[in-house]
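Protein chains in written order, with the working numbering: chain P, 1 to 711; chain B, 1 to 711.
Derived from the structure by calculation, the hints contain no laboratory data. A hint or two may mislead.
[What the hints assert, rightly or not] Not the full set, but computed from the structure, chain B residues with beta-carbon under 10 angstroms of chain P:
1. Arg138
2. Lys380
3. Thr428
4. Ile450
5. Arg452
In this text, a Cβ means the ideal position worked out from N, Cα and C, and glycines have one as well.
The primary structure of each chain is shown beneath.
Protein chains: 2
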Amino acid sequence: MKLICTLLLSLTLVYNVQSQDNPSLKTKLEKVRLEFTLNAEGAPYYAVYYADKDIIKPSAMGFTLAEGAGLDKNFEITGSETSSFDETWKPVWGEVSNIRDHYNQLTVHLKQKGSNRLMNIIFRVFADGVGFRYEFPRQPGLKYFIISNELTTFNMAGDHKTFWIPGDYDSNEYLYTTSKLSQVDNKPVVDAATSIAVRVAPDRYAVQTPLMMKSADDLYINIHEAALIDFPAMQLHVDRSNYSLTANLVPDAVGNKAYVHAPFKTPWRTIIVSDKAVDILSSKLILNLNEPSKIKDTSWIRPMKFVGVWWEMQTGKGTWNYANDADTLDANGRLIPNGRHSANTDNVKKYIDFAAANGIPGVLVEGWNTGWEDWFGNWKEHVFSFVTPYPDFDVSELSRYAATKGVHIIMHNETSGSATDYERQTDTAYRFMNKFGYTSVKTGYVGKIIPRGEHHDGQWMINHYNRVAQKAADYHVMLDAHEPVRPTGLQRTYPNWLASEAGRGNEYNAFAEGNIPEHETIMPFTRFIGGPMDYTPGIFKIKGYSDVPGRQVHTTLAKQLALYVVLYSPLQMAADLPENYAAHMDAFQFIKDVAVDWDDTKILEAEPGDYITTARKAKGTPDWYIGAVTDENSRSSTILLDFLDKGTKYVATIYADAGNADWKENPEAYQISKYLVDADTRLNLKLAKGGGAAISIKPATSGDKGIKKYR
Amino acid sequence: MKLICTLLLSLTLVYNVQSQDNPSLKTKLEKVRLEFTLNAEGAPYYAVYYADKDIIKPSAMGFTLAEGAGLDKNFEITGSETSSFDETWKPVWGEVSNIRDHYNQLTVHLKQKGSNRLMNIIFRVFADGVGFRYEFPRQPGLKYFIISNELTTFNMAGDHKTFWIPGDYDSNEYLYTTSKLSQVDNKPVVDAATSIAVRVAPDRYAVQTPLMMKSADDLYINIHEAALIDFPAMQLHVDRSNYSLTANLVPDAVGNKAYVHAPFKTPWRTIIVSDKAVDILSSKLILNLNEPSKIKDTSWIRPMKFVGVWWEMQTGKGTWNYANDADTLDANGRLIPNGRHSANTDNVKKYIDFAAANGIPGVLVEGWNTGWEDWFGNWKEHVFSFVTPYPDFDVSELSRYAATKGVHIIMHNETSGSATDYERQTDTAYRFMNKFGYTSVKTGYVGKIIPRGEHHDGQWMINHYNRVAQKAADYHVMLDAHEPVRPTGLQRTYPNWLASEAGRGNEYNAFAEGNIPEHETIMPFTRFIGGPMDYTPGIFKIKGYSDVPGRQVHTTLAKQLALYVVLYSPLQMAADLPENYAAHMDAFQFIKDVAVDWDDTKILEAEPGDYITTARKAKGTPDWYIGAVTDENSRSSTILLDFLDKGTKYVATIYADAGNADWKENPEAYQISKYLVDADTRLNLKLAKGGGAAISIKPATSGDKGIKKYR
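Using the sequences and the hints given, assemble the complete structure.
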């Protein structure tokens, strides 16, 4: 995380106190302009413009408190500063190897008349949007307080097309609805989503962030937050009549929103804006608003691909649980095995063998530890032991075996939402991991949260997730959190927190009605804006894995390959069974080859809900990988390979949908072709309905002599 | 805990299914009789009689559940068993060295018509009362369920005189009110008790247990519970018109009462009854209803007396906090000391010296660790480090110094109610204690509980306290819990849990309006029924320790001595400052001598609210100690020493109120006299208003030749 270029911090007083009662403070960068003012009642307002078009019309800011007057009006401006910042930093891993953090900052110092309470608002204006946060400085009159509501509003300039999921306190695992703002209504969506274990969405007009919108004049706008630390997640209440979005903080067990101890800074509220959809996907605004790594030595952090004892349970072939019932015991009080337990030593060895044979570094094993007979749905506090294997899982032998094969088993710590119980066990669990050579852990939070009354996205759980990330770092453990709050760029601060689920992954194709073909064309604009997702792509057996009629993956096989590029994560699972890969080893070659850490990324074309084509350069190599996905419509497009090194010849291996492929009728039909390409090549891509294409591009070698030039 | 005598377990079917629809099942022991029946709706009812007098008139039983039909009616009796049990067991420590556990048991098997759900009720009838519990056996139709209300009712036979404190979910630290049942109203009491940090008493007609009552015909009745494990505390709602008491379980953060996973047994509901008040104090019914020790090796558990860096902070002479304000830092970011911090190395050494010089094994030190600047009242989750001393507390040096003097420092872990934070730190904290030679810990729970919305006496916190006791045992640490739930005899199961506060201790005389003279004549009938209390007796400087006008201890000095015998605890503090003891070393001799573990106990006379005289024989010695206390009235009584060994001559040292002593006007006036006594001696005690007497009785030696015989 070395600073390559640190520029001036110029502090200037831009506010002339003599000028007028309620002056407007402004700052801008390129096309993005921010204005701040106090209204006649001393209430703070801000507005955002892009190329002089309204993005956020003047909108309220501030808070109401559980006790006493709010921090919402009667303010006066006691000063302000602007500064500029331009620095390039290197992430530990990511989509690019260098990130430019360039913004102009405006800090507004507010004092409340009468109470003399102080609140600062810090705006950072980037070329692709705005972030702002509230700061409560150390002061005598405001030390501990409880926020009952955040008043931050985003008054949108029109009835935008919006890609949304419900504002649910406990789940992000919904399909996206595309509608106008004026048509947002989450109730039918929530009511229908019976495959989601816990749904709590009391406000039917609330939506989750990142919220993706598109205006009638083709501006792309994304609202989210960055650096969610010690604060509840922000959802947005939609006023459908005037297209106004108001912050809705997730409450705690007693209905409070946030317990604040000044000095304190809230998370950043973020608005990414561009007239090009691809800019939304390549924005680094949220990462830039997070703090640098808290972990000094990051040498042990390694992005990786993995396979896992997982899809076979999701599809019902095996079970997580060792016995059918916790109460079914033999005469010695031992569980009676059901004979279908997947995480048994022999089966795990098969996955280890497959991983080793194919250069896959990780093997996730779920269902290895006691507790699964009876694991969620009963709000039970102590469910799992995180150090007690089932009798048929020989942890010592498997650790030894994996080590001899150069493979790491990935630990699984499902908590069933009992965060208190997990916190009691984390030290013990991570010492166990260290002892047996596990270098990463997948956590899970299925079910209602304990402490009872808390929600997955409330302040207490936000602190829990962050505490787990820190604790994992203390033990040199990498983290993949399932069912946590959606990410807000904290992977910069905790680079051991490689990925999260916090969204609707491929698994819904296994145990529920599944995802729809456009799903993966929306996810990068929404869920992925905050950070990597463990989406678990790579299902090759698209149909026939389930006894449930009509159940299938809603993509072609080629699109599953494309997801490894389109959906960025430093942890990528090859989620299907080894035998299903064995049936298509030519296609599996792409998964073997594709990287999980990149020097560069080019979003070549994108439209939320329709298509995305992404090219990435594998870290430390000259190789590029391209993924292209479409929605339920077939698609042809031409992409220019001008990002390749001029004058170098490359071999492109194209994993494309077959001509007769179709996500529903013929999803496993693909064709693989190889061509010589260079920076002048224009590739014509043809994607089937629900299809995709994956391409690897490597410098040509002497062995590639017979390969034809692409034309 | 060796079984001395185990008797028959005779199983008999006493229920004749052919007889009638709703037969009455009965069992009795000596004067106590229990009857059980189902009413016409199949609802369970029980009644208790003492010498054929109504104690509990037919009263409802059962539960309502959060979902579905309750476990309250439509039952049929599918069978029942009776058995007898008579065994004597040895507690690890206590008031007596042998405890007889003698009862007749009736188990009633109930099945709910339609649902076929099973519930058993187990009654144990002792010579001094009844205990009963509900059992939910393993069964297909009832596995996980949530109790919304317990319906257990105690229909009292009259408008009894009652000694009560409010049914507060978070505090037991009230003064007792004596009133008729029909006059119970806790609201004015709760409203006035502003010195209690957290008060939550939503039901103005609810009272706490142990609840002590006296009938018009002089029967003494005490209602409480035993073995409170994985269940909320039971308080009692008083129906003032018909003298009916109904269980009121303390709710959790979302209003549920108890999460149950069958098989499960509830705590025992207990009714102690006698026509003699002294029998209530000597009852072992609650201990007998608890399970034997879970700790196999108890050799490290040692009752003890202790002094402490404590009263000087309670009275305002010093501070727990090192700095006045957490935000007041020097240029290096370090706290600026206030110069009044009591737990500094030099001061602690003075206490260690005093303890060592007087044979006191323990020195409690509060305020040694960081966090006290800002410790409760803000519902802040992370307040204290339990391994970080203040800069002026040299833990290594003090541990070394204490060891050379043969004294143990007692750890203090105040949590400010943040149980989640404490659970994160217990392993670390107890390892720290092991490292530095601390053998016991005083915990504290001042403030609102975290998890927020939970209460001190709810199921989650009950599990927390028990978990801490187990964890402490794992580290061979003895426990003294302050502000926990009131005890229910679990000291039998966790004998390392030596004492709790959970009541209004002597400390209220320091920082608040204090206790009233009758307080210590009620406490043994109420709070102490469940287990030992760290009451912190032994204040010698009765007045003048505080700047607040009128503040004083509400006893004489002699009564403070008597409390060491009357209030049983295996942990007894000598709570006053060393210099105050130095002024009365003749009186302090009693504290030096008195035991904290006993072979035998005789309650010589007692009347709740008026007086108690208790004699105890020090464990493993021929020595007896007597404590006598009175309320605001002076008192004369004659006690017969017929418990002494016949034919042995003893020297009695009598620490009595001086003739002109008076708790208010002349509290520190005492006189010490020595006499030869024997088993025929009748001692005349004269107690001042608010006074007491303490007597040590040891076999006479050749050095006692000049001592006169008592007459």
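Interface hint outcome for B/Thr428 [beta carbon to chain P under 10 angstroms]: holds, 8 angstroms
Quick check on the hint: B/Arg138 CB to chain P CB, less than 10 angstroms? At about 6 angstroms, which falls below the 10 angstroms cut-off, the nearest Cβ of chain P leaves the hint on B/Arg138 intact, so it holds.
Against chain P, with CB atoms and a cut of 10 angstroms, does the hint on B/Arg452 hold up? holds, 5 angstroms
Restraint check, 10 angstroms cut-off on beta carbons, for B/Lys380 near chain P: At 6 angstroms from the nearest chain P Cβ, B/Lys380 passes the 10 angstroms test, so the hint holds.
Interface hint check: B/Ile450, Cβ to nearest Cβ on chain P, cutoff 10 angstroms. Holds or violated? Interface hint status for B/Ile450: holds (8 angstroms vs cutoff 10 angstroms).
Consistency note: the structure conflicts with none of the earlier hints.
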